[in-house]
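Participant: Reassemble the complex: the two chains are provided individually, in unrelated frames, and hints are given to aid placement.
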Amino acid sequence: MKPSRFEYFAPESLAEAVALRDAHPGAAVLAGGQSLLPIMNFRLGRPEQVIDLRKASELAFVRVQNDVVEVGAMTRQRDLERDEGAARANPLIAESLRLVAHAVIRNRGTVGGSIAHADPAAELPALLSCLDGSVEVAGVRGRRRISAGELFVFHLTTSLEPNEVITSVSFPALEPSWGWSFLEVTRRHGDFALAGVCAALKLDGDRCVGQVRLAACGIGTTPVRLSTAEEALLSRPLTEKALREAGRAAAGYVTAGDETQASTAYRRQLVEALVRRSLLRAAARLERRTS
Amino acid sequence: MTSAPSFGTRVRRNEDERLLTGRGRYIDDITLEGALAVAFVRSPMASARIISVDTSQAMALEGVHLVVTCDDIEHLDTEMPLLIPDPSLTSPRTQRPLARGEVFYVGQTVAMVVADDRYVAEDAADLVEVVYEPLEAVVGVDRAVASGARSVHEGVAGNVAAHSRQRSGEPDAAFASAEHVTSVTVRVERSSAAPMEPRAVAARWDSVLGELTVWDGTQAPISVRGGLASLFGLDEHRVRVVAPDVGGGFGQKVLLFYPDEVLVPWAAVKLNRPVKYIEDRQENFLGSTHERLQVHHIELAATRDGLVTGLRDSFLHDTGAFIPYGLAVAQVAAGQIAGSYRIPNISVDFKAVYTNTVPVTPYRGCGRPHACFAIERAMDVLADDLGIDRFEIRRRNFIGTEEFPYDRPGLIFADGQPVSYDGGDYARALSLLEEALDPPAFRAEQEAARSEGRYLGLGLACYVEGTGLGPYEGGHVKVHPITGKVYVNTGLSSQGQGHATSFAQIAADEVGVSPSDVVVVEGDTGEFDWGVATFASRAAVVSGNAIRKAALIVREQIVHQASQMFEAAPEDIVIEEGKVFVQGVESRALTLAEVATMSNPLRYAFNKAAQSATQFTPAARRDGAALAEGAHPGLEATDYFSPASTTWAYGVHGAIVEVDPATFEVKVKRYVCVHDCGRMINPMIVEGQVIGGVAQGMGGAFYELLDYDAEGNLRNASLMEFLMPYATEVPRVEISHLETPSPRNPLGVKGVGEAGTIPVAAAFASAVEDALAPLLHGHLLDVPLSPTSLHAATRAG
Ligand SMILES: Cc1cc2nc3c(=O)[nH]c(=O)nc-3n(C[C@H](O)[C@H](O)[C@H](O)COP(=O)(O)OP(=O)(O)OC[C@H]3O[C@@H](n4cnc5c(N)ncnc54)[C@H](O)[C@@H]3O)c2cc1C
Chain A
44 MKPSRFEYFA PESLAEAVAL RDAHPGAAVL AGGQSLLPIM NFRLGRPEQV
94 IDLRKASELA FVRVQNDVVE VGAMTRQRDL ERDEGAARAN PLIAESLRLV
144 AHAVIRNRGT VGGSIAHADP AAELPALLSC LDGSVEVAGV RGRRRISAGE
194 LFVFHLTTSL EPNEVITSVS FPALEPSWGW SFLEVTRRHG DFALAGVCAA
244 LKLDGDRCVG QVRLAACGIG TTPVRLSTAE EALLSRPLTE KALREAGRAA
294 AGYVTAGDET QASTAYRRQL VEALVRRSLL RAAARLERRT S
Chain B
14 MTSAPSFGTR VRRNEDERLL TGRGRYIDDI TLEGALAVAF VRSPMASARI
64 ISVDTSQAMA LEGVHLVVTC DDIEHLDTEM PLLIPDPSLT SPRTQRPLAR
114 GEVFYVGQTV AMVVADDRYV AEDAADLVEV VYEPLEAVVG VDRAVASGAR
164 SVHEGVAGNV AAHSRQRSGE PDAAFASAEH VTSVTVRVER SSAAPMEPRA
214 VAARWDSVLG ELTVWDGTQA PISVRGGLAS LFGLDEHRVR VVAPDVGGGF
264 GQKVLLFYPD EVLVPWAAVK LNRPVKYIED RQENFLGSTH ERLQVHHIEL
314 AATRDGLVTG LRDSFLHDTG AFIPYGLAVA QVAAGQIAGS YRIPNISVDF
364 KAVYTNTVPV TPYRGCGRPH ACFAIERAMD VLADDLGIDR FEIRRRNFIG
414 TEEFPYDRPG LIFADGQPVS YDGGDYARAL SLLEEALDPP AFRAEQEAAR
464 SEGRYLGLGL ACYVEGTGLG PYEGGHVKVH PITGKVYVNT GLSSQGQGHA
514 TSFAQIAADE VGVSPSDVVV VEGDTGEFDW GVATFASRAA VVSGNAIRKA
564 ALIVREQIVH QASQMFEAAP EDIVIEEGKV FVQGVESRAL TLAEVATMSN
614 PLRYAFNKAA QSATQFTPAA RRDGAALAEG AHPGLEATDY FSPASTTWAY
664 GVHGAIVEVD PATFEVKVKR YVCVHDCGRM INPMIVEGQV IGGVAQGMGG
714 AFYELLDYDA EGNLRNASLM EFLMPYATEV PRVEISHLET PSPRNPLGVK
764 GVGEAGTIPV AAAFASAVED ALAPLLHGHL LDVPLSPTSL HAATRAG
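The listed protein sequences derive, respectively, from chains A and B.
Taken in order, the first sequence gives residues 44 to 334; the numbers are from my numbering.
Taken in order, the second sequence gives residues 14 to 810; the numbers are from my numbering.
To be clear, the hints were calculated from the coordinates, so they are not data collected in a lab.
Don't be surprised by glycine CBs; every beta carbon is placed ideally from N, CA and C.
There are no misleading hints in this set.
To spell it out: a stretch of chain B is covered by chain A in this simulated footprint if at least three of its residues, at any positions, have a beta carbon under 8 Å from a beta carbon of chain A; those stretches are:
(1) 130 to 142
(2) 289 to 295
(3) 676 to 685
(4) 727 to 737
(5) 789 to 802
Next up, chain B with everything else stripped away, as it sits in the complex (with noise of 0.2 Å):
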């Protein structure tokens, strides 16, 4: 028996007070004694060699410890490990810390400057005289794939890196039996997280232990530290990472390394001193990893009433530079092309293709906003085509409920595992974003307003998504026997997302606390170390049942323990906001602090708790040996959860909006979103994630673009012109939450972190190109939608 379970509340986030009365510690936070600083000489070239570097005028300066280039930095200077092969990737490519004889994007780090304070390091940095000789940049997917287009790195032609086909069913059989085969091509513009906390690293190396501490805004602590072991040549415990509080990744920051992640703890031994590097906005922009540029070319073939029995879709994803995190996006896109939709026949090719721009690597989404974009415009368009109502189409193609598991056999997901959605009710969804928005209501009113010159639209756009990959993550529990309040680890970390509070309210339900009883400790190889990141929605699901299954062993241990103190049977055994007693018994009962020390059997009795809990006092006397044979100390287990296979969230967002004729402003006057997650830990921490990921999807949708010129410079590498939603311009949410609860995990529950993301482009262009229907020339099939091009789209013929 517990109290009342606090899974499925609305919870207080027990990191909150600390983290908004400024008590949160950012990697700057953190004083070293005596720390330098670091600056990077970038290239300002998108493409060149590399014909001399003369650091001699930047050592010289006052203040200058270090000025380094790819010929002094010893094992360092080799390339940096491609994180996730695959059989399709044939011609990897990774960067090296410092470039060595050629660089390939504007940005790329050239020299590394040590110095006194940032200030000093700057100056040192422009010191650094390097010569280039430019050579034509390859910028833009389409140009890099052309015939003729030179070649980004030597020996790979055509620019590709990969080209991969996967095939489910008869696609071809599929579309030469088509009635009618609807085909538009669509672009997600280049993107940046732009995380309000840019990336940060220090070091410091104990000479004496022979330990090196890395404090690293990571997603991925435990994984950092594998890698600078294995670069160090370091026993894995003489090096701890420690992430501490990160101010958003959104997947920027699951990539390692990048250079300053190896070059700074290199200073850092090198010079015998702490070593610092915050990196700034502008860096940001140029030094860490871009998304979302894809331009897909979709098909579907479909019978004269909409049925969609074949999908055709061949995309070129652009890696940037580099591609150190092999296909992750575009596998991912890959993966859902298909949407929430039956589509028995499925043909999905992609090239990823290198380009002399910032490396791409995740971001929010992971290739899904690009996916959803393709299929939800490619399914309006075909409803259009065939004089169908946009909600009608994709209600006669859903996956039913009583289809799942849904499999698609030769799409292979993320994972590596054959993509199977796991449950819903997709039909459903739709029908409560129906009723809110009322369309038959809606259709009246646009009509009036159109009479009057005034222009609204309402747009929809279904989604799923994929969460919950493995491999694996773990839970430890350990019940403190002084103060009983409940520590949890886990080898993953968080940015934001409110670990501290979900993880909390799994284990305290368990062991019998409150949530607030229980500390969650995340983010330093040094409290726990197995693990892999946060990364694809994959922590509630993942860390969640690890944790839940290390709290339920830890429950047995308290009940197994107060059942011997009170000589009462387990069954009879009741743990209750912290408090332990035989049923009926309340005024008898014992803390959990007593219980946690009594499972520790002692010979020095330090406190109160103490004094029974020693070898002498009658309570702790057993027959034998004060541990039994197998048993441990204290109440504390640790156990671990490994997915068989991804969960599937999906949802349907719907907006209404009134755009200017004349400004092509956009009002947005409602956004819905129906979602499910399956069972939610925490609705409020839920409707976070969501609303978190509408408005980065308003990014996606109206803002978020790097402007790259033809010579690969990056335009707009500030926040002044690299625009992301204010407060001002993300509308109220309305959210609707359905809870199927996932049968692949113990918990049922699924990952929320990106799904506000997925749909909500798509979900604009849906409403803007219903407002504008009577102006436009075609379909909008590009985002982000901006005045001008909106106003674009009015002229063209």
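Same shape as in the complex, but just chain A (with noise of 0.2 Å):
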């Protein structure tokens, strides 16, 4: 379990990083490391250069502007969950961080690393997902911004060009009228989820659902988006029949194959039981923040 043979830099600006990513098609980027060097040293990846980006200073930052919170990539975990200024723009994002590993991986692990490393079953990209986040990412032509929508491809993989980096990661806020929750299931405290949904959502004047946003980790090959659950509360109370059927097509999306820690029919039911709770808790939540 020791990496092969790769050669180190550690550029000391994003600009140095874009041209050494061009330069080096054979190149990782490293970030936090927390999944990167793992797979390095499994040799199940075998980079022949790697590009730290830890000295790109200008890449760790928490901006809150215009109803975004934006992330610069290389933010730690941590940071971005005990920034105060997210939090009161966006609680959903602490509370998705919290369920992120555990508190050492964090510190290390960054924001621009996990979306970028796109695991199906991580909790940042489908919080991006939920909220309609997305990315900016710089190459050598420039930048160019990729909805979450977009990013997502498939298991491990995003729509990123070769040699382009992520530079930041953008949440929209949610305002105090909306309610919020992300709940998973994990074998053991910190573990990846076996499958988690992420929700957020705005009652109307008759305590209709107004607006909803429903994503789950876990479940796929990229996060997903639950848009039908969606579609079947909107308009409607969040009657125990609105929720089963909301339920009931959240676990429509579930494509993931029998694991050996999950089964798919075992998923199914989670999906269908996290996403009545986590709309129940969310609606909750509102219940507080608006009475």
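Facilitator: Pasting the structure below:
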């Protein structure tokens, strides 16, 4: 479990990093290393060069502006989790981060790294999908923005060009009229979720669902936006029937096959239960927020 | 007379300061100037013929010193020993250090690389080209014994390495006349001990002295030394094996030999340079032994009142690709199959079965958790079948206090002796559990909870544990003449069990010092070289009693020496906290160091105490020779303890859980453990063993599962995917101690190292089953329990 030979770079600016990335097609970008290093140590990946972003300090920031929480790619997960401005603008961010691994891993793991890694069981990609967020990426030809819906392509695969790096991640804010919840089931504390459901919800005057966003992790090859479950809820009160229908619709999105830790059948039931509970929790919080 | 005994008290651990401040020395901490690193080429196939191995590219890599296959390792190219032969083990197969012609499991060592460091060694291992011709893999005990299954080893038909049958009483008659028969098939999954420190070996050859030193993270340094001496044709005194601090063993490190244990010393001799092999976590899963997988078909014959009159168990034991440790695991399971119950008629058969998987050797519990799971689940099912309460059915079948020693003639235990329980009060243990859990109150709570859609359950499991097996261990006790510290040696070694404290307490009480003045030295064949190994919860019983015997002799020596010095009667000599004096004259006390110095007639007065010990001082003047005929200098003795029979610890665990009916998460609300390990040397250390055992038992109950696919690939060979409970998953354990002294050794102790682990899976299966009863189709007969398995159990028709 030692990596194969590689050349190491630690550029001090994004521009330098992008240039290196372009010059070395066989390189890997190193952020917090919490996913990349195990891959290299198991020799599942053998990059010829490693471009460590840790010195590109311009990539570590949290900015709340225009109803968006913009987070530099190299911001440590733990720093975002503890950022008060971000928490005020969108409490779902900290709630999601607390479910990511253990504190020691969040101390190193970065927000950009988690998004770029695109693990379908990871929380941040699901959060980004739930909120319709986006990332900004930079390449030698300049910068562009990719929406969550277009970013996550497959298991550990994004739509980034091989020579692009993520510079920041934008999470839309949730104003106080939204309720929120992220619930998941893990085998042990801090493990990747067998399934998780992220929910944000607005009720209108007659306590009917005005707007709702639902996304799940751990159920397929990407984070999954549970659109048909959202549709099933719109303009209805959160009755048992509505919850059940939403849960069933969500269960239909499960494509993960039978695995050591979870069968497909179990995951379906789990997602159904988590959708229900997450919605109820979001609604209960809304009650508290507005009352 | 002595000071208040430390035996039985919560003495703080002597080893903790060193270990907790990072001063432990594990093998990787031992710096050997110029040491080279080892990596292995391991088979990626579960079963294949080796067509060719090409090491030329690997050899050419810079920094590589040696790349060897079976063709290059001289006399080591031979099958490694079958450690514990048995007449029923008719088709034993053991492994070669490096595969010759064929591989039998994923992870088997095919070639060894020695290089400047581990990075280069792994690069070189990647460059070794092996061409395999794949053969059909045999995976899963059930499939291995199915008709038409391929043989893992040529010539072993049906893959049966051993078929053992044992009978006690008249089982056939018992079943023929039974009013009721309950039969169940239970399965305990394959697992690994996964010690915190993987295995490690380092070796240095001293060509001037012709001496080989091997640092080995083993549980059996003396046995390893014997084996190495024999393999290398060296006198035992030319081989020194040191097991320094070892980060957990749990049985995995008692096997000898792993390929690295012989190849690393060989390479050190060959290259005349120190060589080190530090196993990594993946290798620990693929190259170090596994355990647990057994499938038991168990039947109980009973009266309608729930009195069990007969037991019939037939089980398959997965031994993996080889069987170097013999039948120990299966043998222990068979010997304990009837658990805490009288059951006079028993038939137990097992087959040890080869599969194309990592070999199996004992892991904490060694067959006991399997047997316990089988009998305890069967007792629960019997109780349900007959409509009898699960506590009550156990009470009706317990061996009574007046029935000890209780023999099961015809059943042979792992020490080759007939099974014979030594004593205890099984019913009292159960009553204590009932008091703690209050089942009637719980039933009311359970009913109320169910009406709210919450599922609570209470479960229990009893266990016995044959501990303290022979053949023997020794103890050496010596009072150091300079410091007055008492040095204790024994031949087995510690992997974190607290020997440096428990053994110190035993010696301290007999000699008359405080335990902190006792220095326990273990795990170095250069210090003490008779003994066996640490396994089977035996250290306290076997080494503990040996140390006590040696300490008693030293005590006599002190009394004798002091009575001469004080010109007082031996009965009047008092030893207290390291001071020796005549009763009533404490003001004239000598230190133990002074007595030790005086017991060694000197010529040269090299320090103050020695001044009074030379031949010329009046105090030392004797008639005639300085040392009497037959006497030896110093305060020092060695003695041995060899138990005639096993000691039997026992207990009962109970759990209250809540199961989420939608997500199948299990929350442990209470965990109560009542146990009896005889007299406790140090209750704090005992509790540490019990709680650690429960944690490991939780692993077996809910998490531990080595997941082989049909091709024999281990799908979860990492700690990311092989789950063990974290501290966050282990509940608070409430412990009640009972202390029935064992009549089988002078200290009255029984082992406790494995006790905590044994009944945990059975207790949780019982509790979760009780919780989910309204939703389940049938009983929970397989562990580990997972959300997925529980979900399936509520679905299956
Ligand atoms: C024991 C353990 C448990 C874990 N549990 C969870 C969990 O429950 N939930 C969860 O979400 N995660 C979990 N993780 C993963 C953790 O959150 C990682 O930190 C995260 O997935 C990757 O972030 P990183 O900063 O460490 O990235 P790295 O490991 O450095 O990189 C990961 C990948 O992203 C690429 N990359 C990184 N930054 C950029 C960038 N700016 N632009 C382009 N590509 C980039 C890298 O090249 C690499 O391919 C766990 C990790 C461990 C070790």
